[in-house]
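Visitor: Turn these sequences into a full structure, and let the hints steer you where they fit.
There are 2 protein chains.
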Amino acid sequence: MSAVAPTVEAVVDAAGGHVRTLMASLEERLAELAAGHGELLARHGGDTIAAGGKRLRPLVVFVAAGELPDDGGLGLIRAAAAVELVHSATLVHDDVLDAADLRRGRPTVVASAGRAMATATGDLLFSRAFAELARNGRRDEVRALSTASTALARGELLQRTDAFDMDVTVERYLRRCELKTAALFEAACELGAREGGADEASVGELAGFGRRIGLAFQLLDDVLDVSGAPERTGKRRGADLLDGTITLPLILARQRSGDLAGLDLREIADAAEGESVCDAIEATGALEDARRVALEMVAEARAALPPLSTAQLRALHLIAAGVVDRYA
Amino acid sequence: MSAVAPTVEAVVDAAGGHVRTLMASLEERLAELAAGHGELLARHGGDTIAAGGKRLRPLVVFVAAGELPDDGGLGLIRAAAAVELVHSATLVHDDVLDAADLRRGRPTVVASAGRAMATATGDLLFSRAFAELARNGRRDEVRALSTASTALARGELLQRTDAFDMDVTVERYLRRCELKTAALFEAACELGAREGGADEASVGELAGFGRRIGLAFQLLDDVLDVSGAPERTGKRRGADLLDGTITLPLILARQRSGDLAGLDLREIADAAEGESVCDAIEATGALEDARRVALEMVAEARAALPPLSTAQLRALHLIAAGVVDRYA
Chain A
1 MSAVAPTVEA VVDAAGGHVR TLMASLEERL AELAAGHGEL LARHGGDTIA
51 AGGKRLRPLV VFVAAGELPD DGGLGLIRAA AAVELVHSAT LVHDDVLDAA
101 DLRRGRPTVV ASAGRAMATA TGDLLFSRAF AELARNGRRD EVRALSTAST
151 ALARGELLQR TDAFDMDVTV ERYLRRCELK TAALFEAACE LGAREGGADE
201 ASVGELAGFG RRIGLAFQLL DDVLDVSGAP ERTGKRRGAD LLDGTITLPL
251 ILARQRSGDL AGLDLREIAD AAEGESVCDA IEATGALEDA RRVALEMVAE
301 ARAALPPLST AQLRALHLIA AGVVDRYA
Chain B
1 MSAVAPTVEA VVDAAGGHVR TLMASLEERL AELAAGHGEL LARHGGDTIA
51 AGGKRLRPLV VFVAAGELPD DGGLGLIRAA AAVELVHSAT LVHDDVLDAA
101 DLRRGRPTVV ASAGRAMATA TGDLLFSRAF AELARNGRRD EVRALSTAST
151 ALARGELLQR TDAFDMDVTV ERYLRRCELK TAALFEAACE LGAREGGADE
201 ASVGELAGFG RRIGLAFQLL DDVLDVSGAP ERTGKRRGAD LLDGTITLPL
251 ILARQRSGDL AGLDLREIAD AAEGESVCDA IEATGALEDA RRVALEMVAE
301 ARAALPPLST AQLRALHLIA AGVVDRYA
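Taken in order, these protein sequences are the chains called A and B. With the first letter of the first sequence counted as 1, position 273 gets the number 273 in my numbering; the numbers rise by one all the way through. With the first letter of the second sequence counted as 1, position 122 gets the number 122 in my numbering; the numbers rise by one all the way through.
Because the hints were derived from the structure by calculation, they are not lab data. For glycine and all other residues, C-beta sits at the position ideal for the given N, C-alpha and C. Wrong hints could be hidden among the right ones.
Under 10 angstroms between C-beta atoms, here's a sample of chain B residues computed to sit facing chain A [claimed, not checked]:
1) R115
2) T119
3) E132
4) R139
Stretches of chain B that chain A covers, calculated by requiring three or more beta carbons in the stretch to come under 8 angstroms of a beta carbon on chain A [what the hints assert, rightly or not]:
5) 88-100
6) 121-130
7) 147-159
Guide: Structure, rendered in structure tokens:
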């Protein structure tokens, strides 16, 4: 299991027994969705869904809702499933673009079934996400999810456009993180809050919490790409560098090191050289700085929360902490 | 312009002045959507949307609605835009999978910007489709579109799985056509009918009309791949054969010709040899038979229509006729 699992457990404990039930129901629903739409989805999409991961975004949906709603959580489970399906769809498509062989230690769809199958599988997961959420019959929820999935695609476009561009600014980097990662956490919070019956002001505040922890999540991910981490076992350090993805650690390190300032990512010959660049970035202290930015965002996320029950607040704080504790 | 344009004109004439206005408003809305979601969508998605094509599916949405609804057609325009966006998204992704250079005589997104950009552009168009339709606030409409877009992806998966499999049956071929093509025509009719205020029985009947003309549309497309047609200028005959796509003309021809029965599509060396196979298929009379199946479906489509105004019936009949008159 990934290094984050204990944190998810702690959140579920803090949030109350109904979240444990919801997480179990979510797995059942995802398994149904994987089995219920043709043999090919069952094989490829099903593998993707079943491979799981942390189910962090569904957990955010559930915790953002607070108490169990009057419908017994039916609407919440659909919202959580929809968010996870969109997330899975983007992973499948990202793996196609990266021609990745492994994801979470298992063969990717593109590796096992080819580009065509993987592209169609991703499209199918997208479609099922909206079908699932539409069952809630709430226009504001569909809008929130489609805004997020638009952002994911725009973030991906931006990342590809900016690849190998050493002039990417911190501002532009953060904008990319907002699109690529934060938007879906934001939607997860919004969907949970709406299903939980929060008023419009609280929905907005919870959405802001989601956006900030999503940003912090991506920042830490980018730090982990340079520093290495247990949960990245099997993935070499510096994968982003080799892809030409400019991240905050690199931007900060370049401001402090003449060698790195002159670096052209295209000139990195192989993975071993990528790891040397990681060492050079680490030596500048840029990783600590990037972590501090992430911690600051988490603090802002917590500060922006509306008044909530003690149990819900505690669970949300644990989620926020887990996002930046992944290197521990 | 394509060979179908005169038919679209005839349909618009028959349906009444409000459809002409709706078609113009649709173009405006699509242009807005292309411009309003970031420079990268404006460039790549915008090109795709602007490149246009016949806008046959939006036309189906409008005609299925009948009279102009009380909202002045706002909901209809959103529905039509959503259907066209889903259609555009699948074209962009299909071009990625086929590594196609040209579509409608213009460079494809994948040709001009690469696979990564094209995959993300398709995802983005999908997302915007659901965002646009969600504005109507109708769960049944979102469900109809997500069912259709799921079908499109399943059809694409099925086509790739069955590629080069000479044992594909007529039944399996028709199932693929239903998923790949008919489902979106069905959704177009359903969305139009719902916005037009049709009762549930009529919605179902209009949806059935859409499904049947969609099937006929795909059948004719597959005939045109073998026979050649003006609207396919620039595309060589036999493209499906080279891709390993088994279509009705080939299935029928194999039943009549020992040479074709022994054919393995993998052994077709080049486009010239593909054209020879097209000639062999044509010589068996299979194209006439496939056309007859399509005509039969169009007749069934017309027969299944509910009672409607004379103008609406006339426009629907013209659409149905246009679907199979494309070789004329």
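Visitor: Now tell me if each hint is right for this structure.
Guide: Each hint, compared with the structure:
no., hint, verdict
1, R115, "holds (7 angstroms)"
2, T119, "holds (6 angstroms)"
3, E132, "holds (8 angstroms)"
4, R139, "holds (4 angstroms)"
5, 88-100, "holds (count 5)"
6, 121-130, "holds (count 8)"
7, 147-159, "holds (count 9)"
Hint violations for this structure: none, all hints satisfied.
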